[in-house]
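Here are the chains, one letter per residue:
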Amino acid sequence: NSKVIQTPRYLVKGQGQKAKMRCIPEKGHPVVFWYQQNKNNEFKFLINFQNQEVLQQIDMTEKRFSAECPSNSPCSLEIQSSEAGDSALYLCASSLLGGAGQYFGPGTRLTVL
Amino acid sequence: QQKVQQSPESLSVPEGGMASFNCTSSDRNFQYFWWYRQHSGEGPKALMSIFSDGDKKEGRFTAHLNKASLHVSLHIRDSQPSDSALYFCAASETGFASALTFGSGTKVIVLP
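Protein chains in written order, with the working numbering: chain H, 27 to 139; chain R, -15 to 96.
Careful, some of the hints might be misleading.
As the list claims (entries may be wrong) - Derived DSS-like pairs (lysine-lysine); straight-line CA-CA distance at most 25 Å:
#1 H/K29 <-> R/K(-13)
#2 R/K41 <-> H/K70
#3 H/K70 <-> H/K89
#4 R/K29 <-> H/K65
#5 R/K(-13) <-> R/K40
#6 R/K(-13) <-> H/K65
#7 H/K53 <-> R/K91
#8 R/K40 <-> H/K65
#9 H/K65 <-> H/K44
#10 H/K46 <-> R/K91
Keep in mind that the hints were calculated from the coordinates and are not lab data.
Note that the coordinates shown come from a computational prediction; the quantities given were computed from them, not determined experimentally.
Turn these sequences into a full structure, and let the hints guide you.
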């Protein structure tokens, strides 16, 4: 069973609407990642955090996507204005530092109509 | 061009048989490799990591890494119906909080 908790499991939005999803990392894991897995099962890294600080993010994330990992609150990923191409499974993963594997949650499946 | 190429796209193996699949990286910065398994409706789950040349065995799973050719493989012996899933290799430049680059996946079907 996943110890990384993601909510909601399913999200349906219209084009132009905001879409927000949340992630609670595994206890004690300081690093959180967000990935997008499309219908062809291709993964795209979006952003990662160490505690509350952004480590890396891709250009796409900077423009319409926003993410944060506040202390003592779930991490979140928000798409400001959803597009049909954003329909995908959004996966949150967490890890320890230093050569550790990433533990994935079950994902939030976003459908943009 | 994908930085991590995985093959085959799919394979069927009889129960009790051996399943094998491969990845090759085109990026020499990738030094750390993982294998993940994803069952339908779930997130990927790490099976094993391999960072050094040679073989690494964990139970029914054996991974092999050749750093000179950036080739990594996974072999599943005594395949079970529960092994039916998508398998992905993943690579990263460092082991420190580094984003993973995934292969395209291999769909494994274990036939009873």
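Hints, verified against the model:
1. H/K29 <-> R/K(-13): violated (30 Å)
2. R/K41 <-> H/K70: This hinted pair is violated, its Cα atoms lying about 29 Å apart.
3. H/K70 <-> H/K89: Holds, because 16 Å separates the two Cα atoms, which is no more than 25 Å.
4. R/K29 <-> H/K65: The given pair, whose Cα atoms are some 18 Å apart, holds under the 25 Å limit.
5. R/K(-13) <-> R/K40: holds (23 Å)
6. R/K(-13) <-> H/K65: Measuring from Cα to Cα gives roughly 19 Å; hence the hint holds.
7. H/K53 <-> R/K91: Roughly 31 Å between the alpha carbons, so the hint for H/K53 and R/K91 is violated.
8. R/K40 <-> H/K65: Measuring from Cα to Cα gives roughly 32 Å; hence the hint is violated.
9. H/K65 <-> H/K44: holds (21 Å)
10. H/K46 <-> R/K91: Since the Cα atoms of H/K46 and R/K91 sit roughly 30 Å apart, the hinted pair is violated (cutoff 25 Å).
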